[in-house]
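Chemist: Chain residues, written in single-letter form:
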Amino acid sequence: MIKLENVSKKFGTGNTALSDVTFSIDKGEFVFIVGPSGSGKTTLFRLLIRETTPTTGSIHIGEWDIGNLPKKHVPHLRKRIGVVFQDLKLLRDRTIFENIIFPLEVVNASYDTAKKKVEEILEQVGIADQRDKFPIQLSGGELQRAAIARALAFSPEIILADEPTGNLDTTTSWEIVKLLQDINNSGTTVIMATHNTDIVNSLLKRVLTLEKGELVKDDAKGKNNHKAKQKSNAS
Amino acid sequence: MRSAKTSWKHIRRSPYQALAAIFIMMLTFLAISFFSFIVFGSSVVIKYFESKPQVTAFFKDDAKQENIDQLQNSLSQTGKVSHMRFVSKKEALHIYKEQNKNDPLLLDLVTEDILPASLEISTSNIDDLGAVSETLKTSPYVSEVIYQKDIVSTLSTWTNAIRIIGITLIGILTLVSIFIMMTVIGFKVSQKREEIEIMRLLSATGWYIRWPFVLEGIFYGVCGTFLGWLIASASIFYATPYLQTFLRGIPLLPVSPVFLLELFAGELFLAVLLGMLASSLAVLRYLK
Chain B
9 MIKLENVSKK
19 FGTGNTALSD
29 VTFSIDKGEF
39 VFIVGPSGSG
49 KTTLFRLLIR
59 ETTPTTGSIH
69 IGEWDIGNLP
79 KKHVPHLRKR
89 IGVVFQDLKL
99 LRDRTIFENI
109 IFPLEVVNAS
119 YDTAKKKVEE
129 ILEQVGIADQ
139 RDKFPIQLSG
149 GELQRAAIAR
159 ALAFSPEIIL
169 ADEPTGNLDT
179 TTSWEIVKLL
189 QDINNSGTTV
199 IMATHNTDIV
209 NSLLKRVLTL
219 EKGELVKDDA
229 KGKNNHKAKQ
239 KSNAS
Chain A
40 MRSAKTSWKH
50 IRRSPYQALA
60 AIFIMMLTFL
70 AISFFSFIVF
80 GSSVVIKYFE
90 SKPQVTAFFK
100 DDAKQENIDQ
110 LQNSLSQTGK
120 VSHMRFVSKK
130 EALHIYKEQN
140 KNDPLLLDLV
150 TEDILPASLE
160 ISTSNIDDLG
170 AVSETLKTSP
180 YVSEVIYQKD
190 IVSTLSTWTN
200 AIRIIGITLI
210 GILTLVSIFI
220 MMTVIGFKVS
230 QKREEIEIMR
240 LLSATGWYIR
250 WPFVLEGIFY
260 GVCGTFLGWL
270 IASASIFYAT
280 PYLQTFLRGI
290 PLLPVSPVFL
300 LELFAGELFL
310 AVLLGMLASS
320 LAVLRYLK
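In order, the protein sequence lines correspond to chains B and A. Residues in the first sequence are numbered consecutively from 9, following our numbering. Residues in the second sequence are numbered consecutively from 40, following our numbering.
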């Protein structure tokens, strides 16, 4: 479903964010992307939604060659991929309901259909009772659920979750991971970037480890051991 | 429909910016309306004078009837004159009274003695007016010759001057309008930068993002045009009785409602273009 071949991304400043990365992800997989800050996790996500293009190499999502996708098809690509951004990107002057219906408004979906869909998603992610509140009135976990809910608005084939447990306590983090697992169980491919070793080690899902822009490990039922490795290198 | 709702929300949330944009557009279209009245009016006035190949000769007070008859005969013999009419002092007073019947003060002051007798001469061919005019000027009994060609050329000079001033003024106002609208809309675009970035990430097309801003520009243009046109039209209707006295005999006033509607349609088209241009420029500038 997702196929990266020798993908490199260099920025104008001369920094290399990704270097010769090759991997593929099948439909319905749950994959963790781990690695220290600056290892290229967010750049990888940005490449997958065509927010930026690779310097070299190719990225295919289904039948589409993302690097050469005409600009007019980018909105279509972004309907296939739901993104939970690291900084959430919820609109502060809109209620949770308005934030979640927003992507459907953008594609001119009929209001009644969109409303029904949003109500279903709110139930699914467990924040139906928060629908009329503004983001500032919600807790970290609830905001994360709202961001996941918005990513689900198009019923996407793929969910990219960038550090969804980054600022959450352990219990809430597990609730979010459980929610993403449920989404994955319904057939959606989930790619989650995280630093949370406990979650990665407990779930025993596929783990792609990035370091300094290079894919250093691809474990089918892996553990996040980059911290342990860093420690041993330091000693 | 959703774009229209969004742009209405933008306008409602910053009413003073909206008012500034509407007022500047109103000023531009007020100037365009007045300029159109002047250009249209002056062309009607010029046509009126051009359609009347006429020379009027005013006689000195000491001119005797036989001198006038002699002059009339000599002009008739040239074969160039199609029509000739002598207006005596008495008739001149009658015409004057008729023209100023609503102003008794003017009637009291004027007597038959101070009005000159005159001869109105039309030629079959407009080119012969010059020769007739010259003949009249050489006559010792004629004090003044009014030759329509002079009026037409004076009017043309004035009209051209007004046209140049008008076009310059409208050009400046149009540029200022575009800049102000660009600033107002550009400010709103930059205020909504975060929302626009999120929209893009959530699969919004470029036009989905642009339309509300373009519609906003069109809205300012249309409101400004309507107000400018309304004020100009109301002013011309208000001034019609005064102007009618001034432009007596010229079939110009009252201004035809068809002309006013045509002017409004033209201005509306221009306003939509201006609004679209200004907002598209603003969006292009801020949405790179």
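Think of the hints as simulated: they come from the structure by calculation, not from any bench. Among the hints, erroneous ones may be present.
Examples of chain A residues lying across from chain B (beta carbon under 8 Å, computed) [stated by the list, open to error]:
1) ILE201
2) ILE203
3) ILE206
4) GLN230
5) GLU234
6) ILE237
7) SER242
8) ALA243
9) TYR247
Within a straight-line C-alpha distance of at most 30 Å, the following computed BS3-like cross-link-like pairs (lysine-lysine) qualify [to be verified]:
10) B:LYS141 to B:LYS79
11) A:LYS128 to B:LYS141
12) A:LYS128 to B:LYS123
13) A:LYS44 to B:LYS87
14) A:LYS140 to B:LYS123
15) A:LYS129 to B:LYS80
16) A:LYS231 to B:LYS79
17) B:LYS11 to B:LYS213
All residues carry an ideal CB built from backbone N, CA and C; glycine is no exception.
Chemist: The structure should be examined with respect to each hint, and the outcome stated for every one.
Modeler: Results of checking the hints against the structure:
no. : hint                 : in the structure
1   : ILE201               : 50 Å, violated
2   : ILE203               : 46 Å, violated
3   : ILE206               : 41 Å, violated
4   : GLN230               : 11 Å, violated
5   : GLU234               : 6 Å, holds
6   : ILE237               : 5 Å, holds
7   : SER242               : 4 Å, holds
8   : ALA243               : 4 Å, holds
9   : TYR247               : 6 Å, holds
10  : B:LYS141 to B:LYS79  : 35 Å, violated
11  : A:LYS128 to B:LYS141 : 92 Å, violated
12  : A:LYS128 to B:LYS123 : 89 Å, violated
13  : A:LYS44 to B:LYS87   : 24 Å, holds
14  : A:LYS140 to B:LYS123 : 76 Å, violated
15  : A:LYS129 to B:LYS80  : 85 Å, violated
16  : A:LYS231 to B:LYS79  : 22 Å, holds
17  : B:LYS11 to B:LYS213  : 18 Å, holds
Violated hints, in rising order: 1, 2, 3, 4, 10, 11, 12, 14 and 15; the structure is consistent with all others.
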